[in-house]
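Between the sequences and the hints, there should be enough to build the whole structure, so can you do that?
So the sequence lines, in the order shown, correspond to chains A and B. For any residue, its number in our numbering is found by taking its place in the first sequence, counting from 1, and adding 340. For any residue, its number in our numbering is found by taking its place in the second sequence, counting from 1, and adding 6.
Derived from the structure by calculation, the hints contain no laboratory data. Possibly wrong hints are sitting among the right ones.
Said to hold, decoys possible - Pair by pair, the computed Cβ-Cβ distance ranges are:
(1) A:G496 / B:G115: 50 to 56 angstroms
(2) A:C527 / B:K172: 47 to 53 angstroms
(3) A:C527 / B:Y105: 42 to 48 angstroms
(4) A:Q580 / B:K213: 41 to 47 angstroms
(5) B:V205 / A:G616: 49 to 55 angstroms
(6) B:A265 / A:H529: 54 to 60 angstroms
(7) B:E150 / A:E410: 37 to 43 angstroms
(8) A:E412 / B:R208: 22 to 28 angstroms
(9) A:G496 / B:Q237: 15 to 21 angstroms
The beta-carbon is built from N, C-alpha and C at its ideal position, and this holds for glycine as well.
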Amino acid sequence: MNSKRILIALDSSSQSLSALDAAVEIAHQRGCELLGVFIEDAELLRVTQCDVAREVGASAAQSRNLQHAEIESIFRSLAAHARQSLEIAAERKRIPWDFQVIRGQVDETLTELMKEVEVTALGSLSSRWPATSGFGSTALNVLKKSKGGVFIARNGNSILFPVTVVSRTLEESRMALETAFSMGNLCHHYFNVLYLPGDDPLQELELRQWLTQVSQDKAVLFRMYVITPPTMMNLAGYLQAFRPGTLILPDIPWLKKARFLKQVQTLDCPVYLIRGMEEMETS
Amino acid sequence: MSRVSPLKINQLTNRCSTKDLSFRTTKDLKPVRDVIGQDRAVEALKFGVEIGSEGYNLFVLGPSGYGRHSVVQNYLNRLAKTKPVPSDWCYVNNFVDSYKPLLLKLPSGTGRKLAEDMDRLVEDFRNSVPAAFENDKYRMRRQEIEHEVSEQQDKALEAVKKRAKKKNITLIQTPSGIALSPTKAGEILDQDAFRKLPVKERKKLQKDITALQADIEKIIHHIPRIRRSIQRKVKDLNQAVTRAAVSGLIEDLKQEYSAMHNVQDYLDKVQEDVVESAEELFLSKEGPGQGGGNMPTEEMQVASMVRYRVNVLVDHGETKGTPVLYEDNPCYNNLVGRVEHISHMGTLLTDFTLIKPGMLHLANGGYLVIDAMQLLMQPFAWDSLKRCLRSREIRVESLGQSLSLVSTVSLEPEPLPLDVKVVLVGDRMLYYMLHDLDPEFSDLFKVAVDFEDHMDRSPRNVQMYARLIATLIQKDDLMPFDRGAVARVIEFSSRHAEDAEKLTMEMRSVADLLRESNYWARQGKATLVKSDHVQNAIDQAARRLGRIQTRWREETVKGTFIIETEGERVGQINALSVIQLGGHAFGHPGRITAQVRMGGGEVIDIEREVNLGGSLHSKGMMILSGYLMGHFVADKPLSLSASLVFEQSYNGVDGDSASSTELYALLSALSGLPIKQTFAVTGALSQMGEVQAIGGVNEKIEGFFELCKARGFTGDQGVLIPAANVNHLMLNPEVTDAVRQKKFHIYPICHVNEGISVLTGVPAGKRNAKGLFPKNTVNGLVERRLVAFAEQSRAFHANDGKDEKK
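And the structure:
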């Protein structure tokens, strides 16, 4: 894995542009390069070669035959827009960047690219379909298959503050908490910790001590809420009530369960899954 | 005919004796609380104020300086204290049509309280309603509703996807929608692969694609309906949350105003509007979001909530009794109020809070005093006042609106019911003009409050007048006046009234005299104002304004103006006129001369011929001609040609007060008898030869007196005045002293025969039994001359006829 790159999947939708903003911020904090990618959906191009295939427009429900040349043209146009957006956003923070246009199957191509990067950022879904609840299939696939971190922008929002991080033991959550500290530095200067207590009370003590120490060093405050009982549904309820700005999730296996992810999808907040990332300097 | 005797000392002025004044100084006198000498006016005032019927507004008429304003104000102020305080009036927003603000009538003092309560209520709305929207239950419920749309879509789409999969068709997102494509074993078929399929399968796939396409179209078409339904649900939720948050607050307020149904109704409307407008007031289109980021800004919220404010138009919270107001600038806006505008981004905006009251609003339920002249001078003010009184309501609208000159949208506030007594104060001429020229005036101002110019100088009134003087002294914080000073002021008052038996009610001049007397007393280090100070004040005032008078006298003494005060002249007489300049009147002697010859019976008034004579002067001349025709040579034609002129008069002459004087000059010219130049004469002539009263008698006498004094008295100088003017004499002490010393004489004349006898020293003459005047009388000589003219004329015309025959 090239730990110094952040992949941003661009399709020129407002969701992906919000993800770009977040990716720029994360890259700036972590000192990474940006790799923008626009995937020309090979399946769609293949569909255009079949005469019986039909397209139903999302805005006016008009049906028509798909034209290969037209789709090619649209892809070129979207790619150019995506590249321009990346250039502007990256140059603003002086972040090295690269951009690729790849023709292929979207999920497969992304899965392949994700292997090479530290974090993948994308929108929760394409805006082409009028509306849908939760994440689109691509976002769910990335969450499932990524070995690195994943940032999913929601509803046109980039990073929202104050960030809220779910934590269990310090060992499991350190990376997520470090990310929360660095993001807390950006705005508000505080973040929330939703703590899921384990059997060992010392774990909480250890976590608090660490948080206090880092808080002093970074001049970023934290507010810790203990979730009791530490069940998935209870956490989901807290999150509904709490309305986190940006939800930072550590790499805890049960947080990736479909049931929990479904709850997360109803929150309408950006989600940042911290996984397999290089440790940042905190203290 | 009895010989005319000069007036005695006691006839020259009506001295006010200090014995008649039963006090030492004005400090001993109680101030006057009631109006004195204006019984008729006060009765009319009382009647006009108390009668409740429509149109019984008042017009107080009289000259300025007579205390009309203060009398009316004092009377109304006293009366107002006993009357109930009228209602407060407020404008509030009309939630149905905001261009037509509504009125609220409230018990006095409640308007401001309601306004404050509403401000507090709005503040409570701003705190409690957003808090209700921050509630977790609300958020979850809203999210649930909003997710419904996407869930319904997802479900529908998922179902289509499943059906499609079963039929070997895949759904793929395109940049602008969804594509349906045939598959085989999960692989998308291109054209070649599709052609290789059996025809039946191809047809089936095509049919299935068409059917699925229709399903997707149906889903998409259904989306706006789902959205509308969601919006309705969200709106219902927002309204329910708002209603729950505000109803308690409004109910509390309604209880406070439980006795006022109009306020209760208004509060119900407020509640409905807050609930209806909850999203606009407290939420953005997207609803409450993270950290309140999409809430309306405070500025926007404050601007939106202006609609719940109460504009207290009339606040009687501090008023005691009914209001009595005086409007000294009765322009249109000051009377009926106005709708102000504020400039925002280059546009003029207004709302009901910018409606400002006029004096009619503020005086409603009470009395409004307006200066009539000021009112009539203001454009459209008189018409607007009449309109309000006629319709008994006040409609606040701009002039542009009322004249239909402006077509832009503006406010049309609900008219306010009017119940006010308007008291116009103006001079008499204005009253009579309005009465004659404006048909509505007599319908709307039925009560005339006519102020007296003067009051009788009875002993009781003199005492009251002294108290009035004391009141003015106290009001101006002047030094006390002793009895002598008060007596002199009373004499001044009679002189000002031009009647020795009257006292002037023009208190402005009296108050000025008091202040000036006080000044001169202070200058003299006195602690009490005495009669000398009053006299000094009178003299100084005359001196300040007497420049022209002095110059004129100087020029007369020098001989620039030829006025003889000694000797005798045929056809020449000294006349007396009064010159009024800047509030100062002084007598000015003039010289009238007459020339006669045979003619056609005309008396030429040179002043009239050159357009310097006024109509009254011309009238006097015609009366003079009438006298001549009636008294002399009735059986022969009046073959006289006479001309009369005011010598060295370069300005207009008017009035008939010199008509007797002109007759004397003419009689002298006709009779050839010289007139003593030691006399000056005034008096209006009747056709019967009576000498009638004239104005300014005191000034006229004093004018000739000053000239004689300047030249030195000869002992036989004096003035002939109409006997009817004797009662008006209030001559200054210097004149009376001269008369006492027989240096100067004043003759009261009833008939020209008396006057001509005094002036010529020859009896006027009375017709004997034969109808002839005695020979050596004035009238005898005049008639003889006129007969001679007639005969000469006859002879002349006879010769003229012969000449023509030849």
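Tested hints:
1. A:G496 / B:G115: 50 to 56 angstroms: holds (55 angstroms)
2. A:C527 / B:K172: 47 to 53 angstroms: The hint (47 to 53 angstroms, Cβ to Cβ) holds, given that C527 of chain A and K172 of chain B are roughly 50 angstroms apart.
3. A:C527 / B:Y105: 42 to 48 angstroms: holds (46 angstroms)
4. A:Q580 / B:K213: 41 to 47 angstroms: holds (46 angstroms)
5. B:V205 / A:G616: 49 to 55 angstroms: With Cβ atoms ~53 angstroms apart, the hint holds.
6. B:A265 / A:H529: 54 to 60 angstroms: holds (55 angstroms)
7. B:E150 / A:E410: 37 to 43 angstroms: holds (40 angstroms)
8. A:E412 / B:R208: 22 to 28 angstroms: holds (26 angstroms)
9. A:G496 / B:Q237: 15 to 21 angstroms: Since G496 of chain A and Q237 of chain B have Cβ atoms about 19 angstroms apart, the given range 15 to 21 angstroms holds.
Checked against the numbered hints listed earlier, the structure breaks none of them; every hint is satisfied.
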